[in-house]
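Student: With the hints as a guide, bring both chains together as one complex.
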Amino acid sequence: MLAALLLVFREVLEAALIVGIAAAATRGVAGRGRWIGAGLGLGLVGSVLVAIGAGAIAGSIGGTGQEWFNAAVLLAAVAMIGWHVIWMSRHARQLAADMKSMGSAVAQGRRPLTALLVVVTIAVLREGSEIVLFGYGLVAGGASVASLASGGALGLLSGVAVGLALYYGLLKIPMRYFFQATNGLLVLLAAGLAASAAGYLVQADVLPTLVDPLWDTSWLLTDDSMLGGVLKVLIGYSAQPSGIQMLFYAATVLVLLAGMRVFRFSSPPVASAPRPALEPES
Amino acid sequence: MRLVTALCLSLSLLPAAVLAQAREYTVTLSNNRFEPAEVIVPANTKIKLVIINKDATPEEFESRELNREKVVSGNSTMNLYVGPLKPGRYPFFGEFNIKTAQGALIAR
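Going line by line, the protein sequences match chains A and B. Just so you know, we're using this note's numbering here: the first sequence kicks off at 1033 and counts up by one. Just so you know, we're using this note's numbering here: the second sequence kicks off at 363 and counts up by one.
Chain B extracted, bound-state conformation (with noise of 0.2 Å):
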């Protein structure tokens, strides 16, 4: 029952989490680093988080921490939305390269 009731509730707030715009932040991926490799972005409220990738090679953002995944074609740009996040340190990285590939959002 307490399930049927907080699945109505999750599909009357579908339109709002579709209409709601989220500002956007931007991180680069080139020679298999993230520039910037640490991004300050409010805490709270949803973002778009654009990763441009200007390898030629494909990379795959994660977090486990943000709960996130996604490949990114070389040379190619990918969005994905995050949060709302608590304040915090959000490490991401490259699963491809991640001895270099490292970075973090920071939520404040």
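Pulled out of the complex, with its shape left as it was, chain A reads as follows (with noise of 0.2 Å):
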């Protein structure tokens, strides 16, 4: 049972992270609570259908299948995030300026949605599988389910617990301050992201790791301890990261800063929100 516990806890916790800032980056966008919802049910399938397909995924592309899935679904969430955060850096004066009238957010707010329901998706599906694996094998080796069941359920309320906390607490930050804050979160997840998509290019021998590993702070914080575990889901955070996976993150930072700047001016200023234009995070 406590087997079931941890695994499902550290499982259940990254998701639930995302989908912590997923649900706080939408603040005020009309219909929001059906696009997650929508995004942790296609989740929960698709982990299923990963869990039966892991053999045949993992069988193609010479074996490196399973390395191309993740490193493919991972690049997919980083341009999602792209996409919302390029999107936000336009529209979060008007947004934080619409909060009380949601008539023009639910038109506006159709887009940023799409990209965080496959988000969420995505975080749900990789470690919903995973969990899925889990329990199967457990169950096939003969493991009581009684006592998988309760363990896991265990695991899941803990985990959610604490994307709920992490929710609520993003709920804090002033209104002022609130979507530079989501904003500079996502993209710090997604350098993230990416550069997990980058160890498993390197582990299906497509990139090289350049230097490995650039760094080792395990002395100071392992990855498996509750706050590397954190952490490694808020801004990447990795013990011992390889080259590549530095180069990748620092990329995705450097291309999603660029692009907020880029697309910040093109919308017009609103005229009941005076304040100066949101500076993207930097």
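Derived by calculation from the structure, the hints in this document are not laboratory data.
To give an idea of the chain A side of the interface with chain B (calculated C-beta under 7 Å), a few residues:
hint : residue
1    : A1086
2    : G1087
3    : A1090
4    : G1095
5    : Q1098
6    : L1165
7    : F1166
8    : G1169
9    : G1173
10   : G1231
11   : Q1235
12   : D1255
13   : D1256
Using N, Cα and C, we set each Cβ at its ideal position, and we do this for glycine too.
Tutor: Rendered as structure tokens:
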């Protein structure tokens, strides 16, 4: 039961933190509950499908299908987050001003919601498929379903609790800085996901490591500690990253910040919000 | 600017990485244990690690030190590339059976 609790907690925590950030980042957008719910649902269905197809995925592309699959979905999530933050840098001011009159947000909200729906789906699908495989293995190995289910339920609840804590913590940020803060978090999240994708492509022998490890801070904070795991999701922390991972991380941050800057002024200022334009995090 | 240089450098290294032939080392998984539990591999060279899962249940090969994570389905084989490693001990484990599935690469 303890093994199930710990594994489920670890996997759910990763997904819950990402969902927490996505939920906060879509604050004030009408209908977001349905979109995030749809993302969760699609992710759960996807988890089972990926777990069933794990063998077929792994066997494809000369035995490197799993790495390609992981890298592809991670990079898709990076692209979707990029789309969202760039869109937000154009509309954040308006959205903050419109928090009480939801009407215009409905039309404008559709685009980033599609993007974050995909991000939520991918987060749940990646972590969920591991839980399904783990659970299948235990049950097939003769473990008690009741003990597995109770451990899993506790792990699920604890993971969701941390995600909710992050969400409500983020809501405490004053509205004036709110979308700057969530955009900044999303940029770091995307950078961390891009670095993970690079890691999978190194594992498949597609990319060189350049330097491996670039540094080693495992004496300070290991990846498998609670804090290390949270920071891994939030800012892409790794105790022993390779050079190529750092390169992907930095390139993602630079590309997204540049994109936010380029597109920032293309929307007309809103009369009801005479505040200075929101600066993207830098 | 430095980033652009680094990016170009990394792209120019790409074919070399793809073409390099890596030596193979095999670890077998049965009854949720790795056999051999310790594998001695050469340091400073890239190797191909082959994991044969003889159990019917899936396992996830994972190592923080090696920065590697890969699912091995039941009754199947997977491989992944590791290194070049500095001399040292690199523990790995099966995430679905942490108690028993423990092993390490020893790079010399």
